[in-house]
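2 protein chains.
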Amino acid sequence: MKQIRSVRVSDLGERAVIERIRQRSGGRERGVILGIGDDASVVRGPAKLLLTTDMLVEDCDFRKASFPPFLLGRKSLCVNLSDIAAMGGKPLHAVVGMALPGDTDQLWLDRFLAGFRAAAAEYGVALVGGDLSQAPKIMISVTVTGEAGKFVTRAGAKPGDVIYVSGTLGDAAGGLRLLESGRRPAMRGREARLFRAFLDPAPRLELGAALARRAIASAMIDISDGLAVDLTHICEESGVRAEIDLAKIPISGGLLLAVDNPLDLALNGGEDFELLFTVKKKNAAAVERLSRRFPLTAIGRIVRGKGIAAQYPDGRGRPLEAKGWEHFRP
Amino acid sequence: MKQIRSVRVSDLGERAVIERIRQRSGGRERGVILGIGDDASVVRGPAKLLLTTDMLVEDCDFRKASFPPFLLGRKSLCVNLSDIAAMGGKPLHAVVGMALPGDTDQLWLDRFLAGFRAAAAEYGVALVGGDLSQAPKIMISVTVTGEAGKFVTRAGAKPGDVIYVSGTLGDAAGGLRLLESGRRPAMRGREARLFRAFLDPAPRLELGAALARRAIASAMIDISDGLAVDLTHICEESGVRAEIDLAKIPISGGLLLAVDNPLDLALNGGEDFELLFTVKKKNAAAVERLSRRFPLTAIGRIVRGKGIAAQYPDGRGRPLEAKGWEHFRP
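Residue numbers (our numbering), protein chains in the order written: chain A, 2 to 331; chain B, 2 to 331.
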């Protein structure tokens with residue numbers, strides 16, 4: 002009896018794989034003069050060009066068994082788009098480098114590419130290049146270009162500024178915890194929000210652009226390593242100190258019900274991909290208007306000094322340690 | 002007795018590693034408005050922006066034991082610069098994604114970065130961003146931007162054009178073969194050229210730019226997968242056929258002495274990073290002038306049809322099969 006087996010990437014050959022990617026990439030949108038298929042692509046460069054790169058590595062950033070490939074394709078682009086959002090920019094182009102085990106199923110690759118393409122279409126990004134190699138674990142490296150008019154760095158926070166975050170924090174870390182405990186992702190029910198936050202994060206591009214356009218934000222970062230670490234980045238780069246009220250940290254009902262340490266995940270869980278930004282008092286009304294379109298929460302203020310002071314729900318103040326997730330933790 | 006051991010990347014922590022990279026990257030050159038250290042970098046975008054990305058994976062593209070980290074740093078940038086050269090462009094910026102095993106020696110990383118920095122300085126490239134992750138094998142993903150005025154694609158070859166290559170072919174494959182047989186790289190002696198071709202390839206940026214500037218080349222590609230495969234790319238993209246004279250393929254004396262199949266390596270060995278290009282007859286004098294500054298060899302001509310016909314040294318003509326190196330070979 003003939004055994005039925007799936008087609009593997011190693012059966013297709015590199016050129017066939019690249020041809021698949023090429024066929025599925027966009028046309029002349031986003032100023033693309035020459036797309037995939039030559040030594041380099043040629044695009045129209047904006048006056049202020051943003052560049053950012055992010056990697057996803059199997060068993061470090063995701064597990065193949067629990068991460069649907071379509072969503073992994075989306076996320077591998079969206080984590081980069083979140084960096085563009087944090088600058089207040091508009092994304093333009095993407096190139097993707099992939100190293101795959103030779104026995105990777107062709108269907109897995111097709112779904113990954115379909116997800117990447119879906120996110121690219123949703124956010125108006127043109128896939129213009131790539132590279133393919135072989136490795137024992139799946140590694141995905143995406144570089145994205147963007148266009149900035151006014152852009153917002155991490156270094157502009159000043160004493161007196163109010164600190165805001167978008168959305169709720171800790172959901173992605175909660176979703177990861179559920180997955181790691183062996184739970185299957187559910188896209189309905191009260192845990193859906195947590196799974197979605199980890200598996201299918203949405204970059205805050207509109208919000209970032211709105212905050213940059215009229216210079217509403219004085220400093221901005223996307224929360225990828227956890228609030229404590231990323232607020233520390235703003236404080237260090239701006240040369241200021243932050244005071245935050247932990248009772249004000251936005252935490253979803255789903256997270257409160259799902260884990261026993263929601264505040265810890267909200268402070269130190271990674272991959273929220275929400276925006277953390279500071280606002281001068283004179284821009285309070287502008288933020289107020291934006292808060293009708295986006296979920297925004299004021300969590301504290303910038304003062305002179307260094308470090309972060311946290312007021313705990315019991316009323317006591319303590320320094321907040323940045324113990325968020327990082328690679329190569331000592 | 003206290004044991005002396007080297008510092009590992011995992012002892013440093015991710016932020017310390019990124020700080021090392023940041024300190025070692027350039028300043029405001031190449032239109033860099035905001036360099037490493039924010040969510041994205043901001044650079045001045047040229048009117049015609051080139052984008053290319055390449056990956057190097059341990060045990061697929063190099064072995065850690067036999068590849069000096071300083072040279073690996075250089076090569077990880079230079080393979081991308083070769084793509085910019087093949088478009089006739091000028092390189093501008095680079096971002097680098099690295100996934101490293103946690104036990105990677107700090108000295109290894111420092112030497113890698115020193116090599117990357119040395120090549121960046123040599124070719125005028127600004128390192129503007131990066132990402133760091135953990136993986137069981139070293140993976141390096143570099144994306145480079147460039148500027149193109151006139152650029153040369155793979156698709157412009159026409160019947161009657163003469164086919165040229167720069168340098169000598171097969172040396173890198175010969176060097177790899179020596180390394181794989183356990184030989185230590187020697188930078189002197191008759192095999193030095195082979196080791197250098199594999200370990201420290203030089204992108205043909207000046208030649209590529211000269212060929213593009215006055216539209217001397219009608220089609221161009223860098224030879225990364227071997228002459229046969231890369232000439233096939235030009236033929237397919239241009240819709241033409243190539244006739245080459247194998248007796249004219251430039252082969253170094255070092256390669257002739259080192260291996261028993263030099264012609265096979267010259268045709269099908271990868272990573273030469275020489276330029277393969279076609280030239281209209283009216284530009285013969287211009288190429289002749291360039292050949293005083295660069296080692297150029299005419300190896301055949303473009304005709305109507307498809308595929309590649311090779312005239313063998315015995316005078317017989319046979320079709321040439323593109324069996325060059327590729328990832329995921331079936």
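In short, the hints are calculated from the structure, not lab data.
A hint or two may mislead.
What the hints assert, rightly or not - Capping the alpha-carbon separation at 27 Å, the derived lysine-lysine pairs in BS3-like fashion look like this:
hint, chain 1, residue 1, chain 2, residue 2
1, B, Lys282, B, Lys159
2, A, Lys49, B, Lys282
3, B, Lys159, B, Lys249
4, A, Lys249, A, Lys138
5, A, Lys65, A, Lys159
6, A, Lys249, A, Lys283
7, A, Lys283, A, Lys307
8, A, Lys249, A, Lys307
9, A, Lys138, A, Lys159
10, B, Lys138, A, Lys138
11, A, Lys65, B, Lys138
12, B, Lys159, B, Lys49
13, A, Lys151, B, Lys138
14, B, Lys151, A, Lys138
15, B, Lys138, A, Lys49
16, B, Lys49, B, Lys151
17, B, Lys249, B, Lys283
18, B, Lys159, B, Lys283
What the hints assert, rightly or not - Short, incomplete list of chain A residues facing chain B, as computed with Cβ under 7 Å:
hint, residue
19, Leu50
20, Leu51
21, Val58
22, Cys61
23, Pro102
24, Met140
25, Gly150
26, Phe152
27, Ala187
28, Leu247
29, Pro251
30, Ile252
31, Ser253
Here the structure is a predicted model, which means the values were calculated and not measured.
All residues carry an ideal CB built from backbone N, CA and C; glycine is no exception.
These are the hints, each one checked on the structure:
no., hint, in the structure
1, B:Lys282 / B:Lys159, "holds, 10 Å"
2, A:Lys49 / B:Lys282, "violated, 41 Å"
3, B:Lys159 / B:Lys249, "holds, 21 Å"
4, A:Lys249 / A:Lys138, "violated, 41 Å"
5, A:Lys65 / A:Lys159, "violated, 43 Å"
6, A:Lys249 / A:Lys283, "holds, 22 Å"
7, A:Lys283 / A:Lys307, "holds, 24 Å"
8, A:Lys249 / A:Lys307, "holds, 21 Å"
9, A:Lys138 / A:Lys159, "violated, 44 Å"
10, B:Lys138 / A:Lys138, "holds, 8 Å"
11, A:Lys65 / B:Lys138, "holds, 17 Å"
12, B:Lys159 / B:Lys49, "holds, 25 Å"
13, A:Lys151 / B:Lys138, "violated, 40 Å"
14, B:Lys151 / A:Lys138, "violated, 40 Å"
15, B:Lys138 / A:Lys49, "violated, 36 Å"
16, B:Lys49 / B:Lys151, "holds, 9 Å"
17, B:Lys249 / B:Lys283, "holds, 22 Å"
18, B:Lys159 / B:Lys283, "holds, 13 Å"
19, Leu50, "holds, 3 Å"
20, Leu51, "holds, 4 Å"
21, Val58, "holds, 5 Å"
22, Cys61, "holds, 5 Å"
23, Pro102, "violated, 10 Å"
24, Met140, "holds, 5 Å"
25, Gly150, "violated, 11 Å"
26, Phe152, "holds, 6 Å"
27, Ala187, "violated, 28 Å"
28, Leu247, "violated, 24 Å"
29, Pro251, "violated, 21 Å"
30, Ile252, "violated, 24 Å"
31, Ser253, "violated, 24 Å"
When the structure is compared with the earlier hints, violations turn up for hints 2, 4, 5, 9, 13, 14, 15, 23, 25, 27, 28, 29, 30, 31 and for no others.
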